[in-house]
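Residue numbers (the numbering used here), protein chains in the order written: chain W, 4 to 460; chain R, 4 to 460.
Note that these hints are calculated values from the structure, not bench results.
Possibly wrong hints are sitting among the right ones.
The list treats identical chains as interchangeable, and a pair is accepted whether it falls inside one copy or across any two copies.
[Stated by the list, open to error] Pairs of lysine-lysine residues, derived as DSS-like cross-links and limited to a Cα-Cα distance of at most 30 Å, are as follows: (1) Lys6 <-> Lys357; (2) Lys276 <-> Lys359; (3) Lys212 <-> Lys456; (4) Lys163 <-> Lys342.
Number of protein chains: 2
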Amino acid sequence: MEKISQYIDQNQDRFLEELFGLIRIPSVSSKSEHKEDMYRAADYIKGALLKAGLDKAEVMKSEGNPVTYGEKIIDPALPTVLVYGHMDVMPAEPFELWDSPPFEPEIRDGKIFARGANDDKGQGFMHIKALEIMTKLNMLTCNVKFMIEGEEEIGSPNLKKFCEEHREMLKADIILVSDTGLIASDIPSITTGLRGLSFMEIEVTGPNKDLHSGLFGGAVANPANVLCNMLASLIDDKGKITIPGFYDDVLEVSEAERKQMAKAPFDLEEYKKALDIKVVAGEEGYTTSERTGIRPSLDINGIWGGYTGEGAKTVLPGKAYAKVSMRLVPHQDNVKISKLFEKHILAIAPETVKVKVKALHGGQGYVSPIDMPAYRAAEQAYNQIYGKMPVPVRSGGSIPIISTFEEVLGVKSILMGFGLEEDAIHSPNESFRLENFIRGIQTIVAFYQYFPKQLNS
Amino acid sequence: MEKISQYIDQNQDRFLEELFGLIRIPSVSSKSEHKEDMYRAADYIKGALLKAGLDKAEVMKSEGNPVTYGEKIIDPALPTVLVYGHMDVMPAEPFELWDSPPFEPEIRDGKIFARGANDDKGQGFMHIKALEIMTKLNMLTCNVKFMIEGEEEIGSPNLKKFCEEHREMLKADIILVSDTGLIASDIPSITTGLRGLSFMEIEVTGPNKDLHSGLFGGAVANPANVLCNMLASLIDDKGKITIPGFYDDVLEVSEAERKQMAKAPFDLEEYKKALDIKVVAGEEGYTTSERTGIRPSLDINGIWGGYTGEGAKTVLPGKAYAKVSMRLVPHQDNVKISKLFEKHILAIAPETVKVKVKALHGGQGYVSPIDMPAYRAAEQAYNQIYGKMPVPVRSGGSIPIISTFEEVLGVKSILMGFGLEEDAIHSPNESFRLENFIRGIQTIVAFYQYFPKQLNS
């Protein structure tokens, strides 16, 4: 332990400089103009993995963005850990809300500020540096594989096929992922549940061009008004989603389990204060933690139509659009939900407009067992570094590929995240605490030490 | 008549080149970056008025954009016509939908394509050229004044004060305006009614930053969802606006008058075909013409919030906005309606969000009498040029300043417009038929010939 801390101390500046090199590549997967950047990021990670001690690493083709894969096989008889992460990031817009440029990392108040500082370049890089430490200090006692993909933020549309085509290569006993968070910097936690996701786009077309709202207003259906009407009808006044069949497969959580979950520390006043809101909102009969942990939700992620510039323009827009996502809980199938959504929207669309619905991406939810050896190793690792046993929590977020791993590779995942709510991932001024980066590396190294040398499987 | 047509034939190319010079100045009044262009446009018009034969013309200050004023007083004992028009235009966005650049006029298929080709540079220029013809051919038998302003498209916020300060200068017997349209190119019409306008903007703030829609979705009110809920509630399923007190002052039109209005030619199938819509929509119990002519309406002119780029971004937006306008009918006061709107929105806003409402601009409606000498002169003029008596119609549009003229100057207006529905004013590919430009000039010259040399007032 002493040696590890010493090694980190001596190399911390270099660790950060290496991470910053990755962050500076604007690998935004949802925008086609960044295609080249995806290859630059994949190459950069390949170099970092080889430098950290893998025996081999390569940039592999998928049907979309490339995947960087690498491995170090000490002994085929030993257990194997597969590290999964992603090199792509969310768009940084709106740029004007950033205090420093999103792709030029800056350290302020002990935090790295940049798009990807946490999600997932910062968290992914902890694993590369943990690997470096273990190889340099001769501590590695199992096989390690890395798979870093470039399409997580757009729903990993091609990774399932990639896994199917490389089942043998990806064989492992556990998948280790750092793409989630801690309850608080002094309250360690392990994410044991993730929500599924169904992300849709709606296009409403009224007249064949923008019209003068005076000459036509009141006589021709306005697609923006129609869109608002449809969206408003999707959630009732009890916070329930009105799409027929939406709740059919929802796994209802028992009272006993809800009581157990309620023990996780949560301060509603702090939560509201941090967000600067007077009251929380959501489905009637559930607590805030339950609303994101065990209940599905529906949110407008973007809406646009008509004139949105400065001042007034009396236009009756020809088109209006919305991006809507639904977060799903175990047993809800995202493909089925996307179809129910589309069917419902088309059913409620008035004949005054034309409506198109398309599914942008989606993924299944995931629940992780807490009695497997890898989970116990993770618990011990957090306990060693944080001095407290971690709390199991169900997160409201989605990492759709996790359930695919289980389905295709038959391997469970452990979600050892080190982010904090303050990190503002997906938002302007995304950050990651240096302290969490360092303790993350230490906890990951500790995980390998507690991970059994032999598994009964 | 022969001489007039001959003069137009010989000078048509120059007329157009002069108009194009004005169109090339991007005088967009709603954008502060075009402040300089407003002065360039005002100067350009001053030059054009002097060249056309006015005795004097000047660019005058208002508290906002400049006003170009000019006059030719033949004899103070003769009646005076005051021509009103506007040199400012709507924004041209979205630029990508234009087939040719909006500020580089192009003639295709017998039409001028440009922002302002019709509204109101093209229509306003007809009066300048009519003046030139009358002075060159020695036909002017009354006094003429011109007032061309630069803030019509933002609701003429400073013209009322300008009129109050220059009552004497602006004294006239009738105000002549070409900023409206004809029913069809072979069905002349005179606009006898305009709707009032109340243009509002709503800002909804939820959490203090954009949030991850997975981690927070379902537990925190989404301002885009809240905005849609509020907007959807503003119109009921009968097409009635739900703002308390909204209809209190609406002037109900008698059955007899409605029957009279129903005689105006209107082809619903053509109307739907031109807009590419299957069905029309609006307030129950009224025809399409009535819905825009005698009934108020409410439209979303713009809505935006969250991620609106390519692909998916799972963000729960911190803010959402809408621009909403209401078209008002006689007796509805736009200031009162704006206040009712604000009060109602704040009343229905849930405590989960913060809501701000502001009035962007507005104006009163107007109804023109059809028994005054100027109206009869206009009727005769259309009849001479088009071979048919014009139909009086109530337009759904608004020219808020018209009612202000009556209030401040005590002068009625005649709305002699020559636009067509196909002109797509306020939209991409705005156009104006050359034929309408020419016949407009002829009709205006004819108006002056029928206008009485002596008025009993």
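A quick look at each hint next to the structure:
1. Within a single copy, Lys6 and Lys357 get their C-alpha atoms no closer than 66 Å, and across copies no closer than 53 Å, so neither meets the 30 Å cut-off.
2. Taking the closest pair of Cα atoms, Lys276 and Lys359 come within 30 Å of each other only across two copies (21 Å); inside a single copy the shortest separation is 39 Å, beyond that limit.
3. Within a single copy, Lys212 and Lys456 get their C-alpha atoms no closer than 68 Å, and across copies no closer than 46 Å, so neither meets the 30 Å cut-off.
4. Taking the shortest alpha-carbon separations for Lys163 and Lys342, only the intra-copy value of 20 Å comes in at or below 30 Å, while the best inter-copy value is 56 Å.
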